[in-house]
Amino acid sequence: MNAVDPHLHATRTTCPYCGVGCGVLATPDGNGGAAIAGDPAHPANLGRLCSKGSALGETLSLDERLLHPMMRSDDGEMAQVAWGDALDHVAEGFQKVVAEHGPSAVAFYLSGQLLTEDYYVANKLMKGFLGSANVDTNSRLCMASSVAGHKRAFGADTVPGCYEDLDQADLLVLVGSNAAWCHPVLYQRMLANKQTRGARIVVIDPRRTDTVGDDDLFLGLKPGTDTALFSGLFAYLADNAALDRSYIDEHTSGFDDALVRARTIAGSVVATAKATGLDEIDVATFFQMFKATPRVVTLYSQGVNQSAQGTDKVNAILNCHLATGRIGKPGASPFSLTGQPNAMGGREVGGLANQLAAHMGFTPVDIDRVRRFWKAPHIATHEGLKAVQMFEAIGRGEIRVLWVMGTNPAVSLPDADAVRAALSKLDLFVVSENVRSNDTVNAGAHVLLPALAWGEKSGTVTNSERRVSRQRSFLRAPGEARPDWWALSEVAKRLGYGASFAYTSAAEIFREHAALSAFENNGNRDFDIGGLMKVSDEAFDTMAPVQWPVREGTTKPQARFFADGQFYANDRRARFIAPEAPELRTQVSIERPLRLNTGRVRDQWHTMTRTGLSPRLGQHIPEPFVDIHPDDAAQFGIVDGGHARLTTDYGECVLRVIVSERQQRGMLFAPIHWNDETAGFARVGGLVAPITDPFSGQPENKATPVAIVPAAFTQRGFVLSRIPLEMPFGVQWARVAVTGGVGYLLSDSTDVETWQNWLKPLLGDDAAEYEDVGQGVYRAVSFKDDGIETCLFIGPTEGALSWDAVKELFAAETVSDDQRRTLLSGKSADGAASAGPIVCACFGVGRNTICDAIAAGAGTAAEIGAKLKAGTNCGSCIPELKRLIATSEAEPDQQRKVAAS
Amino acid sequence: MSEPLVIIGNGMAAARLVDELAKCALGRYAIAVIGDEPRLAYNRVLLSSVLAGEATSQEIELKPAAWWRDRGVTLKYRATATAIDMAAREVTTSTGKHVSFSKLVIATGSSALRLPVPGGDLKGVHVFRDSRDVDLLLELATQRKRVVVVGGGLLGLEAAYGLAKAGADVTLIHLMDRLMERQLDAPAANLLKTLVERKGVRILLNANTARIHGSDCVESVELADGRTLDADAVIFAAGIRPNTSLAKEAEIPVNRGIVVNDQMATGTDDVFALGECAEHRGTCYGLVEPAYEQARVLARHLAGKAAAYTGSVLSTNLKVSGVSVFSAGDFMAGEGSETLLLNDVRRGTYKKLVIADGALTGAVLVGDTQDALWYLELIRSGADISDIRAEMMFGRALAVRAEAA
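Protein sequence lines correspond, in order, to chains A and Y. Position one of the first sequence corresponds to residue 1 (the numbering used here), numbered consecutively onward. Position one of the second sequence corresponds to residue 1 (the numbering used here), numbered consecutively onward.
If you're looking for bench data, these hints aren't it; they were derived computationally from the structure. Source: prediction; values computed, not measured. Cβ atoms here follow ideal geometry from the backbone N, Cα and C, with glycine treated the same way.
Here's a subset of chain A near chain Y, in silico, CB distances under 10 Å, partners left out: (1) A767; (2) A768; (3) V773; (4) G774; (5) G795; (6) R820; (7) L824; (8) S825; (9) G826; (10) K827.
If you want a taste of the chain Y side facing chain A, the calculated C-beta under 10 Å gives, among others: (11) T339; (12) N343; (13) D344; (14) R389; (15) E391; (16) M393; (17) R401.
With the rest of the complex left out, here is chain A:
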């Protein structure tokens, strides 16, 4: 954690990562950086931050920023242009294509990282003025199934509970959620409940993730069978007199049909166990726990949402909560954990193709109401294309103009290679971005517009518990970067809609957004922040985090929904939904014998454009990898620590292998983060099947049939450089932020000479080289002013060097003569053992250091924390600490060896 100087002025803002929405105190250092601390006053985190949030200060560099508008010139190169010229070009492009091909030929693809105000203006421009609902967002990949499930059950996209429920529940059921890594601050809250109040935790996931604690019930079900588990639970609750009959009778409909369907899918513990691949005893235990615990919160995330049956999974869960009346009560609720900082804000605005605006849809009444409010000349009258379909339409040439803001679809969408190819066909491809280069920018963007980044932009975001918080600027806007709402409004003016887009501040947009939420609402729509529609500029600046609804005229805060049984369908009743029988839409085969699950790692975020800049975050898991069960590894000849080639019907990747029993047989797991900017041949998005849920349009990112074969590399090594470098063709590489520059971890099978030739132009006058040709070892360092400028270490895969010692010298400004003497050994000269891969990112504590502490007697995570501070900040490494303790107890010698490797 960066230390905060109390004399400097701290700005209260909100973290730009996950949907927990933690409050952050950012204290600028006056040199473009800032010290970061958790905001003790923010109700989402009460001062805590996770490893990613703690490292925000390391991501503020302008090195890779897009600082000026750019346009592709006739020779194909991007050239800096004036804002006015870029905006003229964008407006003309939209105008021309709408005129020639109609409004359905243009689209916006937005992002859960946008502020609500940016979202609002984009949505208004497209749906009210350009006349299309082709506004979709990366939230489609994140929680669209929850939105669809909520709407089917509640008549509105309402999250019924709040974070305090996590403190008050007696049973916390996590479904398809690795909260320990992906929502660490909330997970710590759950753990605190477990420790202080004895809450039980059940984790339902095909992977045994770090979210599973030693004494938790873990249900490692087969992929895609969540609906069977919750159908079984529904039937069990019905059969064991655990229903809230009066709630069901008074406030819901569809109960009988849904129960009949549930019984068909899994009518008993035995049937449930069979359908899910779980032990009967585990199923029975879970059902019994759920039945016996009124205060139960079921939390779900991508494991539920990113599925071709995601909406049904959501409803299978909601059915159990509706049937027991455990909804919107303290400590009792279903709870969708949102992945992004402002997916909720996007939902509130209506920035999705199947919503219109402000939790209104495409009914004639809603369309008319929004049209009147906006005074919209061309109101969209039907749903637009959802993300996957939108890019397919681009590929078919039906959408000809696309404006992407703040997201990287060429990496993150399923069948990402096809997406990239589609982008190159656009007549006009506009990208609003922070970075000069990413896979999407490089997919043929015609216009790049420099957007404000976190710390510069100002507006609001909404977290998973409906809490609207301010993101405030504490850094000056660099270069010519401007707010996205400004760029959108400028284009709107050029299209002739200046009067409706004459915004001069985020506050002004927020007031309009609040007004729309209250417009003819009368309690008929859940989303209502009418109480904020008259907020002054000053009050907006100082606005404290506030949970919606904030209805005009009511001062009573409302933390929860639906305990009173008042839902948002016309009949005010909730709906039980009868889900389809669970079945994955793809089949494994001899050619594709396994399934690929995708997900996230603890210290990276999305496509790494921000977290990838932090040296601290780069240390936990520096390379793209694939997890495989030992039996599958043996069957397919895959070796731990080696590489493997993954092939699906859509693409190919080469990844480092981790053989792990935490992975179930038949399933591989690979993280989504790496892309062509950060690694070679590791675009996992390119592997994923573009199969979507029929209701939510959310793609099934976690079950693509896949083949795996070993990919052997004879050489392994690394490069450290002050500036990014282009690796030789054909080399497997992963880029890692390191202190003072950038590192590349390499694997390849070329010869030493190739590397020597590659390096030659980079070696200055002052260079040192080491070679052992017989062993295929080549190492070279180029110095500048007694510091390392560039270095390359390459050698045989077996016994490959760790880069820790060299990285440390690279980080230092100067290298002493003694250090220089042994530098090319790659070993630490002072005799101190290397700290090993970083486990605790907050305090930079390495695995070897931790193993030493364990060997010296630290027997619990708390004792390690007392000794080394590891695990005492965000706590997300505590599961790993426990694993290290367990392993060292089981196999003390082997653990040391692993730690040293």
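Put chain Y on the given structure of chain A with help from the hints.
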């Protein structure tokens, strides 16, 4: 009654032999040492340090007078042995003395070669061999004379450096295309050249001395390619020749050096030879280390113990302050060997390790010789280095840690 043992020569080999004898056969021999230099035995290797002003003449003395006295040694210095009479078993000296022996050890060392070029006998042409030469050279240096040193081997480099350091304007000319070609490979020699040049010595390679010009005293040196170098003095440091004339006259078998067997015995009974004047298995060594090994063997033999000298693994240490050079074994990497290389020009470091059959067989170190002795030990022992191959280049400390891990 102690047996009279006479050692001709009062150099480093003689001193070491006395030392070794005192350890294994104290009292068995009454030792007399005959030496022509007017002082106690000194460390000849350090003469260049004296020249460079980095050591005083007294400081390089091997042992104090008392040390010799305590070991019952009769020292006859400033006395040149002029003849060996095998029949009478006595040595005649230039002072007219006759010294009887029952065992005789010849340790007469070697002399600097003077090139047979026209003008080679001019005034101002010197060699660099003993402490008297050092005094002469120091005088040249203090007068800021222009000196041409002929020979880019160990001796020439040390002389050139010492002269430059003492204030002379020094050009070193070397016949070959690289310095120390018998100890260094080309990259090492190139680096050495750079480093020595940084010390203020001009170096000309491929420079064949054709003649020395001067009417009375040296005025210039002419090279075979026509180049001419103005000079006030010329120092020959282009090789040495074993001092064998005494032995030859006594009809002790001599080849290039005095021929000895593995016990350092010459072809004449009771006569031994060691050091630079001796030729063992066809090799005349020009370094101190083999002489020391020979002294140990000879002492044991004279003590009546079994001992055999089988030759030395050569190693070279150049003593030019701040320019360490070490070379040992198969430094050129013969067929079937593998090479490890480390090159850091700015740091002035070049290291080459040669490996064959899992053992270290050769090493060249320039600029950083911290681990020279360790490498030498590894070369001599032939120990398996497979486990330390990855770290050995970076020194014993790292490698030993790796081996322990």
